[in-house]
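S.K.: The lines below spell out each chain.
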Amino acid sequence: MTDWHPEVERTARGIRLRVFEHVLRNGEGYLSQALSSAEIFALLYGPVLTLGPVDGPTLPAPFEGVPGTDNDRYRSGGRFNGAPAPDRDRFIFSPAHYALVLYAALIEVGRLDEEALLDFNVDGSTLEMIGAEHSPGVETTTGSLAQALSQAAGIAMGRRMKGETGATWVMMSDGEFEEGQTWEALSFASYQGLDRLKVVVDANAQQCDGRIESVANIEPLADRITAFGCEARDVDGHDLDALHEAMTADSDRPVVVIARTNPTQGVPIFEDKAPLLHTLRFSSDDEKARYEAAYRQMAEAH
Amino acid sequence: MEIVTRPHVQNFIDWSADKPEVLVLSADLTNSCEVGRWRDTYPDRFISAGMAEQNMMGVAAGLAREGFQPWIHTFAVFIYRRPYDQLAMSIAYPNLPVRFVGFLPGIVTPGGVTHQAIEDVAIMRATPNMTILETGDATEVESVLDVAAAVDGPVYIRMLRGALPRLFPTDEPMVLGRSRLLREGAAATVLTAGIATEEAMRAGAALADAGIEITHVHVSTHKPFGDEIIEEVLQRGQGPVLTLENHSIIGGLGSAVSEYVTDRGIGRKVVRLGLKDTYAHGASKAHLLREYGLDAAALVHAIERELEVELGIDEATLDAAEIGPVGVNAESL
Chain Y
1 MTDWHPEVER TARGIRLRVF EHVLRNGEGY LSQALSSAEI FALLYGPVLT
51 LGPVDGPTLP APFEGVPGTD NDRYRSGGRF NGAPAPDRDR FIFSPAHYAL
101 VLYAALIEVG RLDEEALLDF NVDGSTLEMI GAEHSPGVET TTGSLAQALS
151 QAAGIAMGRR MKGETGATWV MMSDGEFEEG QTWEALSFAS YQGLDRLKVV
201 VDANAQQCDG RIESVANIEP LADRITAFGC EARDVDGHDL DALHEAMTAD
251 SDRPVVVIAR TNPTQGVPIF EDKAPLLHTL RFSSDDEKAR YEAAYRQMAE
301 AH
Chain V
1 MEIVTRPHVQ NFIDWSADKP EVLVLSADLT NSCEVGRWRD TYPDRFISAG
51 MAEQNMMGVA AGLAREGFQP WIHTFAVFIY RRPYDQLAMS IAYPNLPVRF
101 VGFLPGIVTP GGVTHQAIED VAIMRATPNM TILETGDATE VESVLDVAAA
151 VDGPVYIRML RGALPRLFPT DEPMVLGRSR LLREGAAATV LTAGIATEEA
201 MRAGAALADA GIEITHVHVS THKPFGDEII EEVLQRGQGP VLTLENHSII
251 GGLGSAVSEY VTDRGIGRKV VRLGLKDTYA HGASKAHLLR EYGLDAAALV
301 HAIERELEVE LGIDEATLDA AEIGPVGVNA ESL
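Heads up: the sequence lines are chains Y and V, in that order. Everything in the first sequence is counted per our numbering, starting at 1 for the first residue and increasing by one. Everything in the second sequence is counted per our numbering, starting at 1 for the first residue and increasing by one.
It is worth saying that the hints were derived from the structure and are not from the lab. Where is the CB? At the ideal position from N, CA and C, for every residue including glycine. Some hints could be false.
As the list claims (entries may be wrong) - Just the calculated beta-carbon pair ranges, DEER-fashion:
1. V/G36 <-> Y/G229: 52 to 62 Å
2. V/Q10 <-> Y/R253: 56 to 66 Å
3. V/V151 <-> Y/A216: 53 to 63 Å
4. V/E259 <-> Y/R253: 49 to 59 Å
5. V/R236 <-> Y/G52: 56 to 66 Å
6. V/R236 <-> Y/D70: 45 to 55 Å
7. V/S258 <-> Y/G124: 35 to 45 Å
What the hints assert, rightly or not - Below, a sample of chain Y positions facing chain V; criterion: calculated Cβ distance under 10 Å:
8. V66
9. N71
10. M129
11. I130
12. A132
13. S150
14. Q151
15. A156
16. E178
17. E179
Generate the whole structure from the sequences, applying the supplied hints.
M.R.: As structure tokens, this is what we get:
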């Protein structure tokens, strides 16, 4: 087996750069999510997930309407993760506010045409700011947070009933552990013994109002998850080897990998904005110039 | 009138025998929703979700995406109230074939306000992609399964349990988008659904004995609403239109009929009988129907008011009225 490190490191850097570039071009955007979760997405779309090739063109079609009996033109954004197959994995994306990171990751691994990102948040495009299931890489509609895990549990259960061997993966954000549905879902998954259900959480300790500890308390997260009958693995989310090991080691229980991450990883000047890191906005031209300099430095190192 | 005891129990077991894709999801109300024997017959297809309806909706969505047909069995209130966001976003938006079998519609239960689904049709009618069916007797409880199973998308069913009248012949099953014309007359046009139909059948018989002939239509498809019989009786019927429903008068059958009439510029008054924008409380079905004006007597009195007559029909007369089974096309239009 070839060493996955160089490619995963390149993908992670590429995700940060691409999102950073996009935020600079737009004057604002979801940067902290990319900085915290770049390694998670790079590993998922690298050595962790077993996916088929993109099912169709890598350039998405314009918005074709919502799902419904009368709409035969509708296509799921899940096609960018490849057609489902019994022995392949499924990827269910939970925090729809991370859509920009997901699109960037898909581009970095060659699943999405990089031109598509020019249509991000443009009227009539499927690359919506908060993605829905027509958006590239998105199979379920989860902008109302914490609904993906239950759906993934249903998918994992259905796949088990059909004798499929592939895993069903969910990428979550830590704020979703404030919703009761998450705990219902973990309770259900452990009670039903869904050992092919895997979760990775970007635990960047940030949510819309600021630092999680200033909004609510979800800790001790690993202990809580363990108490619900699942296996929690608490690791440094920027340590590729530790994260890879946590995501791939076998278990006879549903696994939740808590990836402890830094929302300013790679862009230290962003720390000045703490605790409001949910979106980056520039307060002056001078400030924007400093971020542009930081971007050029990152790009040169890439 | 024939009374059938718990028709759903064995009928659903028999119906499911050759349908391996049919699953049942239950949230700790398995026997209460008449699927205890189903669980014992098909243990591998029964999923106990526990008292966790939000998660149950998502699990049903995931199973539907994998090609299964989940039939959620629980009380109606626990389908559309607590987990509505999950129902809308995880199931209705993607148009997944999940069947919601909602028990205790309206005020049929002494369980009180927490158990009485009085605005479910209103909420489900406002939910895109949703098909809404309501059962009115044993024949419809038995035949609603085929109707729901054939729909490409989510279906909400107002289901009845326990001892049920057989108002309609067994060889005239429920059909999607086909109302039943039960009585014809020029004095008024009455549309009813669910258990209100039995009440209106009593009223119609008693009114006929008093010389007042009404048209009576039973509706089992709330959404999509409208069919040839509804078109005929609303466009060409005479007298006032009255609706009687086991539901709030806001958003249910009365609203659907009112919308139908205004959308087409039909110049007829619509009188909506049902719960008048109020919650109810725990008491017997008969008591609640009388207290809130959902019974045969309430319909008779409303028709008396509209026609400005006094017929002196008493409750004993209504209770003794001979009804059913009445065929879909018992009389020609």
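S.K.: Could you check the structure against the hints above and give me the numbers of any it violates, in ascending order?
M.R.: 1, 2, 3, 6, 10, 11, 16
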